[in-house]
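For reference, the chains in residue letters:
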Amino acid sequence: MLTELFADASLDSVTGMVKPYNKPDRMDDRMRKSDFARLHVPDEHCFESLHHQWSLSSHPLQTSTLSFWDTFEWGLWFSGYLLYRCNNRYSLSEYHDGWLENRLLEEQAQSRRRFWHEFETEAMRKALQSPLGLRGLAMVAEGMFRRQQWDLRNTSGKVVCRLELSSVLEAKHGRTLLQSCQLHPLRGYEKEAQEVLACLTGHGASPCVQHPVELLLSQAGNQPRRYSLRPACGLNASTPAREAIARIVGVMLELAASNLPGMQQDLDTEFLHDYRICLRKIRSLLSLIKGVYPAEDLQRIRTILGDLARQTNRLRDLDVYLLAREEHLGLLPSSFRPALSRMFDDFAVEREKEIHRVVSKKSLSAARRLLDIVSISCNNNELSGYAPAAELPVGPLVFSAIYRRYRKIVKISGSIGAATPDAEIHRLRIECKKMRYLMEFFYELIPADAGATVLKQLRRLQTKLGEFNDASVQQHSLLAYWDQRKPDAEIALGLGGLVSVLYQRQQQSRRLIEQSLHEFCSASTAALFRQTFKLPASASGITVYR
Amino acid sequence: MTIISSYSIKGGVGKTALAVNLAYALQESGRRTLLLDLDPQGAVAFYFRMGSAKKLRMRDADALADGLRSNIRESDFPGLDIIPSNLAYRHFDIVLDSMTKSRKRLRKVLEEFKSEYDVILLDCPPNITLLSENVFRASDSIVIPVIPTVLSQRTLEQLTAFFQAEELPGEILRPFFSMVQKRNKLHREIMAELPLSCPGFLKTVIPFSADVEKMGLRRMPLLAYSTCCEAAQAYRALCNEILSETEPQP
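The listed protein sequences correspond, in order, to chains C and X. Going by my numbering, the first sequence opens with residue 1, and the numbers climb by one from there. Going by my numbering, the second sequence opens with residue 1001, and the numbers climb by one from there.
I should point out that these hints are in silico values taken from the structure, not numbers from a laboratory. Please note that the accuracy of each hint is not assured.
Stated by the list, open to error - A few chain C residues facing chain X, derived, Cβ under 8 angstroms:
1. VAL159
2. TYR189
3. LYS191
4. ALA448
5. ALA450
6. ARG505
Glycine included, every Cβ here is placed at the ideal spot set by N, Cα and C.
Model the full assembly from the supplied sequences, consistent with the hints where possible.
Next up, the structure:
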């Protein structure tokens, strides 16, 4: 209940849970949960009508200003939680009806928390880890909650019903957004509670359908919305190829642009990560379905997207190193860690410079301008050159491209073994990524069951390929750091140790890749691909654009 | 769930004042508390501004539990529920007598409320009857107000003798001095001697106090309107002393 906001409960410093049997110093902390629906109270008159039948006495008015926090992806909201801060205390509550009735955890915090691992209590960290992931918390709304409890007494002076009047106000201007009333009947006095309810509804009270936090979010211009890098574009197999691709590109460009403000604030590393994925996906899409745009236009767009992504390469690399800092230090004996920690400090300093460069006003406005150019080019109805597949139905083009990609993967996998050069495995990884993009962009066209089975196997294979690649890239990066900075012997020793561990990890991944490939290229998977994606020989107009 | 009884063979020793204030102190400490008034005089309901209980059907243990449950009323103090008394409780003995295992019935009935309450407090009528025997067998602790007078001393000895004769566990008897007047020489003498011959005496002493008398006018527990008077502090201390001995320490 809202009263919990004001309760001065003692907390367990480890678990963050409210300790049971803590001596409650407020009567309402021990009130039974009400079965009555919360009522919307239109005006004071409605409440005054109660005076005719009962004697009313009030408890002190309590006011509290709350700020609500969530991630860019609304991880908490869509997990059914609300995280709010009040008087240097963070509280996690179940959403329920937005009146913060079911507080789960809380902890004191003098300073702001951004990531789940910055919270002090284990229980809070555990609860937030999954909804937050790598995302940082930002304030999404702020509001003032007022609450006053009233006792209604009969002629003997016995309390026969309690009322909790709550209102939510704008934090800045103090304008009331919502007034509500919650009846708390007393056991053995249910008849009286029904009489109170009848009196209130007879004077205009009605079930409260508005939720206070939703109102505050709306006031702040923050509406929770699902965020996905696999948005639905409303495609079907007969959608003309150019229209389909322009639609996907449009959605992906919007997604890319929506990440720019977060990059600018440097709230978390996922903004840049997703921005780069959007650019890469658009670039890949344009080259995977050929003949849809004139070669000259295509080249120009791909160059723009490539340039944009390249400008953020170093920043992303540094993000990856720094995110893996604790993991990598943990791979070495403790005596090596302080020296190697200095290497990560160097990365952190370099990252500061990089982020300033990437998100400078000039860079971001250039990025926005270039994204606009890509958008205009992809939506331009006037083609500047020959684009033979532009008006063909997209379905056969996509299926043919997926099947072709699968055949290519099978072909490469035939040569994968213990002695295969890293570059060949890297090529296999890129082919798998292209196939994944195709399947994700056009998932609306693919039969759901077959698509799910194939994607599951593909994901498994990509995970192994990704681990192999990460280990490989990280070794090269560490060696490049050594080459450029020529660090002292202590750091070099740590670097050597880390490279050796990463090499072992890479070799392990190689063996696992072989296992996953075996599954992905098996007769049953091949048959599934054939049935789902291979076009009949009669399908015309496809081969030309391979 | 712990069952505590406020009991004395002798009347006018402060049983109901103890039950009412102990119940308040228990809810104040966060324990879900049920106060069951077994005394047909119905003073508990008066102190909590309630009417008397509806008439109970008491033909068997299940009906009695249902009847008691339907008479539970929430007090003005969240966490404290009351089952007021009814004049019909004067027939409790006859009803219990008609049941099998008639001396242990009350415990079984009260077990029905185990999930809802941490403590059940019984305010008992001043006599030794079949109902009293049920209370003795149901209680984890029997708290006995003793005014330091010769008559009170005598009734305490009678009770102890009864427990011995009936082979009841004497250690659950927890007398304490009630309505004590420190200036009274006789009080002082009895207070010095009686605990020596009667083990289990609680250390806390409740003084005679006009504040306690005013409960009748205020119609609420002393602790609800006076937190710092000597008697209020003594009731809280008594509650803590009882809890420290009846509940396992963390």
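Structure-based check of all given hints:
Taking 8 angstroms as the C-beta cut-off, the interface hint given for VAL159/C holds, the closest approach to chain X being about 4 angstroms. About 7 angstroms separates the beta-carbon of TYR189/C from the nearest beta-carbon of chain X, less than 8 angstroms, and the hint is met. With a cut of 8 angstroms, the hint placing LYS191/C at the interface with chain X is violated, because the nearest CB-to-CB distance is about 12 angstroms. Taken as an interface hint, ALA448/C does not check out: its beta carbon lies about 47 angstroms from the nearest beta carbon of chain X, beyond 8 angstroms.
This hint is violated: ALA450/C has a C-beta 53 angstroms from the nearest C-beta of chain X, more than the 8 angstroms allowed. For ARG505/C, the suggested interface contact is broken, since its CB lies about 47 angstroms from the closest CB of chain X, more than 8 angstroms.
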